[in-house]
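Make one complex out of these two single chains by using the hints.
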Amino acid sequence: MAGVFVYSDKSGIALELVGCAKAAGKEAMVIVFSQEAAEEVKNSGADRVFILQGDNEVPENYAQAVADFLKEKSAELFLVGATARGRDLAARVAGYLDCPMASDVSAISFGDGKVTTERMIYGGAVTQKEELTGLSVVTVAGGKYAPIEGSAEVETVTVTPDNRVQLVERAPVERKGVNLQAADRVVCVGMGVEKEEDMQMIRDLAAVLNAEIGCTRGIAEEKHWLPPEQYIGISGAVIKPQLCVSIGISGQVQHTIGIRDSKVIVAVNNNEKAPIFKTCDYGIVGDLYEVVPLLIEELKK
Amino acid sequence: MSKIVACYKWVLDESDIRINSDLSVDFSKAKGKISDYDRNAIEAAVKLAEAVGAKPVGLTFGSSKARQSLKDALSRGLEEAFWVKAEEAENADGAVTARALAAGIKAMGDVALVICAEGASDTYARQTASRIGALLDLPVVTSVLRVTVEGNTVTAVRKLDDCLETVKFELPGVISVLPEAFQPTIPGLKAVMAAGKKPVTEYDCGSLGVNLVSARKVMEVKAYAQERRNIIIEGDNAAAKVAAVVSNLKKEGVL
Ligand SMILES: Cc1cc2nc3c(=O)[nH]c(=O)nc-3n(C[C@H](O)[C@H](O)[C@H](O)COP(=O)(O)OP(=O)(O)OC[C@H]3O[C@@H](n4cnc5c(N)ncnc54)[C@H](O)[C@@H]3O)c2cc1C
Ligand SMILES: Nc1ncnc2c1ncn2[C@@H]1O[C@H](COP(=O)(O)O)[C@@H](O)[C@H]1O
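Those protein sequence lines, which keep their order, are chains E and W. Heads up: the first sequence begins at 1 in the working numbering, then just goes up one per residue. Heads up: the second sequence begins at 1001 in the working numbering, then just goes up one per residue.
In isolation and in its complexed conformation, chain W is listed as follows (with noise of 0.2 Å):
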């Protein structure tokens, strides 16, 4: 049967950072989590998936912390997950990720069509849709609003700065859906139980043959200061507490 990818990134969570007063960054509170949007990829393979008959199926390429994505992503109705480990991966740049998944998407064959999402959480680059679909010469759409599968041609609309943009392909390509189009369900009991007993397929970067060299340097990585007074108003009631808001913006002179 052939294969629905969902291209998810296991991610630190940025609600948990931390600044530091010099405004170096620690990540080291920092829980992980499936990148938010990357929940409506996987929803979108399991969708298109199901309509036509192919089988759902998760790709992420990370380090050995990816291993406790493994089991929340096929929780959502993956059938198999396929993980490209390197842990390079934590600092890997777009061009270094691109060319990972399509090695895995090369090496677990028979593939129908990939899903990205719009952008991942923590770079929000926009890019690896575009650069899989380049490197494995397959047509690409991105900015997929609303997708329909019939036979082996597939309709996208999308959603452009000034249009609507409706096109078609023919199987196998490469899509990016926005996360609006496509809402993640929250898994039940069950499907977590499920999930322990799916196929989880490990790659290393170095049988697959990926070149983990990149062109790009991180320079430096600063926090944003954040300056607020962070006055919580008190009083007695709602009404108390509305008055002693709008006298303070008087005061400052911005109403």
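Next comes chain E alone, as it looks inside the complex (with noise of 0.2 Å):
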């Protein structure tokens, strides 16, 4: 059958591989596991949809079972939405395939019994053009490509799941719906910051500026100050404000590539080595406890 093979466990970024793969002229598979998933995608404009039956909840269960279809189907790629369950069922894939796999890449193209993709590296600093010769997998993250649309035939295949790891429970974390992606000023806050009280004082900042805020992975996920949807860098959130202001971050390339499409970025800082002062238009060496009550009566000015 040869042709791309896509997956996401979000029904939405797998109608955007499909995109992908049919805008480059290759015939699109959709792989599901379950007939709630299939309705999803049956009108994405794949050539095919298979649904791999076997009684497990844990997509990354059926990685075996999925290598094992790709070969039979003489696939050339397998292209997976990079969220953290696809990056796992890819990467199984891959191993049971032993075959090479390029992770959230930022392009892709497609030759002759290969594809070339683009990726960055070291937390963002370079970035790295790599050519995967033979059936490859490449995961993408979501909002890359535009979907199509088109009825797709839905075809069911008895597989076996591997049962070893089983599901106790899974609880919903609620996503609060702050858009970062889509504000005109962020405040970026980081470890800069003590005391969880101090964050009113962030709040004001934000108020002021008529801001949206957003973090370092730290404020996040080890103070757990703000959800983790609202920090920035390359395991979270990629922003494009008209300005970014950030307070307290040392500005590490793994966060500051989250930033960089910004039009201006200010930063303060107590220490004037800090990385942050070579990623920013207007940089501010001084205490953030003094210099942000500063800012916020000036603005209120």
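Just so you know, the hints here were simulated from the structure itself, not pulled from any lab data. This one's a predicted model, so the numbers in the text were calculated from it and none came from an experiment. Check the hints yourself; a few may be wrong.
[Said to hold, decoys possible] Within a straight-line C-alpha distance of at most 25 Å, the following computed DSS-like cross-link-like pairs (lysine-lysine) qualify:
#: 1; chain 1: W; residue 1: Lys1198; chain 2: W; residue 2: Lys1065
#: 2; chain 1: W; residue 1: Lys1047; chain 2: E; residue 2: Lys223
#: 3; chain 1: W; residue 1: Lys1071; chain 2: W; residue 2: Lys1190
#: 4; chain 1: W; residue 1: Lys1251; chain 2: E; residue 2: Lys300
#: 5; chain 1: W; residue 1: Lys1190; chain 2: E; residue 2: Lys129
#: 6; chain 1: E; residue 1: Lys129; chain 2: W; residue 2: Lys1047
#: 7; chain 1: W; residue 1: Lys1222; chain 2: E; residue 2: Lys144
#: 8; chain 1: W; residue 1: Lys1251; chain 2: E; residue 2: Lys301
Below, the structure written as structure tokens:
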């Protein structure tokens, strides 16, 4: 059958990846693990939807089955949405196939029996172009390709999942829905802030600026002062506001990759050697506990 | 005693990377380090081994430069280090890396649990744990936020994009831990001194039979161009600096 086989646990991304493959003139097949998921992708413009049917609720447990299926269909590429689940399933499939894989690529182009991809390395300081030969696995984040429409034939294939990892419980995590990607102004806060109470000062600054609040990974994942969808960087959100005000952030590349599309970046840090001063337009070397109240006052004028 | 293996990578420090005017990348001044989050993975191995009475060991696939990593890794509480050696490790892709690590795990024997970090600070491919699991055909659990081991049963809470998922499996297996799950401790002087006396086993890729040929070719490596003005506002006091910044932002039309 050849062609590109697509999977994402987020149907929206699966639709985009079908769009990507079809735009490149490839046959696109979608793999899903349930009837409900098939419903969500059957009008994606794919050539075929395959339900790999088994009695297991964890998609990653189908890795061996997917690898066997891709081989049987002589697939040329397994294109997977770069979510936590997607990356895991993709890498396990690559492992069972012992084939090349490019993770979280920013660009992909198709050649004869090859794909060429681009991805960031060293936290975003460097981009690397790679060529993968033969059946390969590539993961792509959502939001990069436009979905298309068109109905696909759905076919069910019975497979045997790996039952060694058992699901005990799933607890949904509510997303707060702050739309950082669309924000015009963002105040970004880092570990320079000492106590949770001090976040009020940051909220006050955001309020006078009419800005959303973003943060570094530590503020969200270690301190839990803001929800995880508000942290910015290579493993978090990427923003492109007109103005980004960075407060108490050292400016390591894994974070700054997420703010570097901002039009203007202002940084406040008390260490003049902090790398953030190499990544900003205007820098204030100073104590945030002195500078932020002054900023609020000045902006109110 | 069964082993709990922390996989750690010796990487170039990205903050030492220099960028030439033609956007080529100069790695010549870059020092090595244990990949940031791999220190958390080492901590995970030490803590879990302590809890179940297993032996925490380190495993790295690296070139001769990785020799420098051994003492550092051993000072973090690991009792033994295993080093799968090949100069090719420096440019290895995920396939080759996983083959080498899987071969090392087989060779050391009696492994209960393999622990990787979420992702390496150079590649951040987030694929190695899953690949090792597939190559050894072991159960895999990634994105682990909390983990306990009781008898042979591992219970792990995974942090996924939209849920917390609790799963369990029977040892042996492979997990990848999020950095938030285990905070590394800074080794004290005593631990650093003791590290030099701990055993190190070197494996040669040839004798382990590791296939170092990859179907991935690196075509181009290019730096990201950073064009920022880097104006540090000078002033007599903080109020003057703040006023100057605000006035600049108004001129730029972003306020
Ligand atoms: C693979 C990988 C992926 C990563 N992904 C991300 C990511 O997506 N997002 C992310 O944010 N990080 C990420 N990181 C972590 C990243 O490398 C940095 O460690 C992190 O961004 C640092 O956060 P910070 O600047 O808040 O904290 P710190 O580095 O601790 O910096 C705090 C800063 O505050 C300053 N400061 C302290 N007190 C004051 C004061 N009173 N006034 C003014 N300034 C003060 C200090 O000088 C310091 O520069 C990743 C790391 C790795 C290895
Ligand atoms: N060369 C290596 N030696 C030992 N462990 C590694 C190596 N490469 C990757 N790992 C482990 O796998 C994790 C994920 O790496 P990656 O898939 O490249 O992002 C790392 O954080 C390490 O725990």
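These are the hints, each one checked on the structure:
A threshold of 25 Å between alpha carbons decides the hint, and for Lys1198/W with Lys1065/W the separation of about 19 Å falls inside it, so the pair holds. As the CA atoms of Lys1047/W and Lys223/E are separated by approximately 21 Å, the hinted pair is consistent with the 25 Å bound. At most 25 Å may separate the alpha-carbon atoms for a hinted pair to count; Lys1071/W and Lys1190/W meet this at roughly 13 Å. In summary, the hint linking Lys1251/W to Lys300/E is supported, as the alpha carbons are separated by about 17 Å, within the 25 Å threshold.
For the proposed pair Lys1190/W and Lys129/E, the alpha carbon gap of about 45 Å is over 25 Å, so the pair is violated. Proposed proximity of Lys129/E and Lys1047/W is contradicted: the alpha carbons are some 39 Å apart, above 25 Å. Proposed proximity of Lys1222/W and Lys144/E is supported: the alpha carbons are some 21 Å apart, at most 25 Å. Annotation: proposed proximity of Lys1251/W to Lys301/E holds, straight-line Cα distance about 16 Å (limit 25 Å).
In the structure shown, a violation is registered for the earlier hints numbered 5, 6, in ascending order.
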